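**Student:** Protein sequence lines, in the order shown, are assigned to chains L and P. Residues in the first sequence are numbered consecutively from 1, following the UniProt record's numbering. Residues in the second sequence are numbered consecutively from 1, following the UniProt record's numbering.
Some hints here could point you the wrong way.
No copy is singled out in the list; a pair is fine if it fits within one copy or between any two copies.
[Said to hold, decoys possible] Within a straight-line C-alpha distance of at most 27 Å, the following computed BS3-like cross-link-like pairs (lysine-lysine) qualify: (1) Lys234 with Lys185; (2) Lys170 with Lys83; (3) Lys234 with Lys134; (4) Lys170 with Lys147; (5) Lys100 with Lys38; (6) Lys149 with Lys134; (7) Lys149 with Lys170; (8) Lys83 with Lys38; (9) Lys149 with Lys83.
Think of the hints as simulated: they come from the structure by calculation, not from any bench. Since the model is a prediction, treat every value here as computed from it, not as a measurement.
There are 2 protein chains.
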Amino acid sequence: MKRMLGLIMSFALVIILVAPSANAKTTKSNDASKDKSKSIHVQIVLFDGFDLLDALAPYEVFAAAGMYSGEAITVELVSAEGKRSVPSGMNGPSLEAEAKLDPNRSGIILVPGAAGKPAGNSEDSVPNLLRQAKETSLTALMRQAFKNKEVTVATVCGGSLLLAMQGLLKDRYAVTNAIGMAALKAFGAIPIDARVVEDDPRLVSGGGVTSGLDVAFHLVERELGPRIANAVEKLFEYERRGTVWRAEGIEPIDFAAGQTASAKGQPATSPAK
Amino acid sequence: MKRMLGLIMSFALVIILVAPSANAKTTKSNDASKDKSKSIHVQIVLFDGFDLLDALAPYEVFAAAGMYSGEAITVELVSAEGKRSVPSGMNGPSLEAEAKLDPNRSGIILVPGAAGKPAGNSEDSVPNLLRQAKETSLTALMRQAFKNKEVTVATVCGGSLLLAMQGLLKDRYAVTNAIGMAALKAFGAIPIDARVVEDDPRLVSGGGVTSGLDVAFHLVERELGPRIANAVEKLFEYERRGTVWRAEGIEPIDFAAGQTASAKGQPATSPAK
Numbered sequence: 001m002k003r004m005l006g007l008i009m010s011f012a013l014v015i016i017l018v019a020p021s022a023n024a025k026t027t028k029s030n031d032a033s034k035d036k037s038k039s040i041h042v043q044i045v046l047f048d049g050f051d052l053l054d055a056l057a058p059y060e061v062f063a064a065a066g067m068y069s070g071e072a073i074t075v076e077l078v079s080a081e082g083k084r085s086v087p088s089g090m091n092g093p094s095l096e097a098e099a100k101l102d103p104n105r106s107g108i109i110l111v112p113g114a115a116g117k118p119a120g121n122s123e124d125s126v127p128n129l130l131r132q133a134k135e136t137s138l139t140a141l142m143r144q145a146f147k148n149k150e151v152t153v154a155t156v157c158g159g160s161l162l163l164a165m166q167g168l169l170k171d172r173y174a175v176t177n178a179i180g181m182a183a184l185k186a187f188g189a190i191p192i193d194a195r196v197v198e199d200d201p202r203l204v205s206g207g208g209v210t211s212g213l214d215v216a217f218h219l220v221e222r223e224l225g226p227r228i229a230n231a232v233e234k235l236f237e238y239e240r241r242g243t244v245w246r247a248e249g250i251e252p253i254d255f256a257a258g259q260t261a262s263a264k265g266q267p268a269t270s271p272a273k
Numbered sequence: 001m002k003r004m005l006g007l008i009m010s011f012a013l014v015i016i017l018v019a020p021s022a023n024a025k026t027t028k029s030n031d032a033s034k035d036k037s038k039s040i041h042v043q044i045v046l047f048d049g050f051d052l053l054d055a056l057a058p059y060e061v062f063a064a065a066g067m068y069s070g071e072a073i074t075v076e077l078v079s080a081e082g083k084r085s086v087p088s089g090m091n092g093p094s095l096e097a098e099a100k101l102d103p104n105r106s107g108i109i110l111v112p113g114a115a116g117k118p119a120g121n122s123e124d125s126v127p128n129l130l131r132q133a134k135e136t137s138l139t140a141l142m143r144q145a146f147k148n149k150e151v152t153v154a155t156v157c158g159g160s161l162l163l164a165m166q167g168l169l170k171d172r173y174a175v176t177n178a179i180g181m182a183a184l185k186a187f188g189a190i191p192i193d194a195r196v197v198e199d200d201p202r203l204v205s206g207g208g209v210t211s212g213l214d215v216a217f218h219l220v221e222r223e224l225g226p227r228i229a230n231a232v233e234k235l236f237e238y239e240r241r242g243t244v245w246r247a248e249g250i251e252p253i254d255f256a257a258g259q260t261a262s263a264k265g266q267p268a269t270s271p272a273k
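Required output: the full structure, derived from the provided sequences and hints.
**Tutor:** In structure tokens:
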């Protein structure tokens, strides 16, 4: 009986799965091989107390995009200190950083937030964990990364706050977890209420935890095209949410503030409330 | 200047975050303390080649629910072999299982799927990784877990297939990744096209990778109530998707099959196509 089940399984799997398999192969032999020389490398930065999902949801999107594209994109976990075991926040499991963050390597550097009590100053609070990360050599490395024109810096959740605390988001459009938006502004960034914000092609930030999926899907589409993004989306049974905000096109009228937008042809005064 | 920024930050964080902090504390001193004696324990099962997100998205939802409820729910990573480092699929990072899966412990046991090539029989294919997991002592342990009336078994993605391969889903309603639905049926389960399926309160299955979030949120609401589920949802900036399917209420007419539903008062024949 067990053997029969095994046979049925083999048949079923072969039959059912032939289609995606064939697709993957087609992709591999067409687009991916010619892109291999310029494959995109993603470094995901771990620090003590990092948030598991902030880091690993994008990690898995990039890894699957690599699988579907014949490694046109590669991803690794890094830390400012180099290869080491990095504990996640809330007494969560540790992850092994494989290498030292290299700000001179072209590609994408993604900074997650911290996991912990969302408020207060206790040792296990998010504000404290971010402050501690700011005091490490990560700050100098990220400063170098911002100077590298071949690098896109991406953030998820508290990752934006960490960069802002490092003084790297002055007058840059960005988003973070809703809880941290006022702090983001206090650190000199221009907070934008969107799930994903692209300040310019080299700075992409995401909101709360699960927005990391949307950040990664946006970057996969931008770098590898919509077919790879769609394939991973289907595999993960996820649909991206929200418009990726950019300072382009017509600016909407800000009715709440009673001010007019800068777009031409808009009325000079706001309608009466 | 740095000091001033530090001050601004402290102020901003204190002011902004006082509200959530106060809420958390209220919860802690009200509901949670009386529930502490019957806190719910979640065991998330790791096996060689497991999918990171399948395991860690629910992990983090349960961990945050614990944080917001004063540990009314606790979560740990386990393996069939006990405390060990377990490699994830697609050459991903390893996670440390903290303990051996205990099928006699009441609570929730969550089984993730595998990460790898979605088809084929290569060493790094999902079908192969699941087959290998099936050959471990995990199968006997899960059989025990199914007999324990104090245990809810939950699955994400290929986790359902793994249980089905173990012969544990005979005639049970379940869902898995869309790619594996036919295989799920071949192994004797009744596949249901929903994001989350509750066969009975003791068996809850999820579809592809990111449905693990919805599985965990459903269980958090069921066990701890909607206020905790909502708090975590807000923190993670996620909205649960889809109806949790159960074999209750009126059964919809199956127009595609040209058959009538069993619900009373429905027409005996299907409308012409």
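**Student:** Hint by hint, which ones does this structure get wrong, listed from lowest number up?
**Tutor:** 2
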